[in-house]
Amino acid sequence: MSTLTQGLIEEIKTAPESVQREVAEFLAFLQARGKGEGRESLLPLAQTAWAADWDTPEEDAAWRDL
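Heads up: the sequence shown begins at 246 in this note's numbering, then just goes up one per residue.
The hints are simulated quantities; they were obtained by calculation from the structure and are not laboratory data.
Label-pair ranges, simulated between beta-carbon atoms: (1) L249 / A277: 19 to 25 Å; (2) G279 / A307: 33 to 39 Å; (3) T293 / P261: 16 to 22 Å; (4) S247 / A306: 44 to 50 Å; (5) A297 / E255: 21 to 27 Å; (6) A294 / E256: 15 to 21 Å.
Note that the structure is a prediction, hence the values are computed from the model and not measured. C-beta: ideal position from N, C-alpha, C; glycine also.
Sequences are here, hints too, so could you generate the full structure?
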């Protein structure tokens, strides 16, 4: 494992979960872009990422009366 990889792992380990999620999303974006995939291939990734923030009882309660 390279020192760059080790350094990134250590930084990610100490980052808050929200930052870790953002890093994972960005990495998936970069990998998809490198494969020449279009935006439609990123939709499932975005939905998964959004689910962590939006599919919660708190969000359901906040939007219930709208």
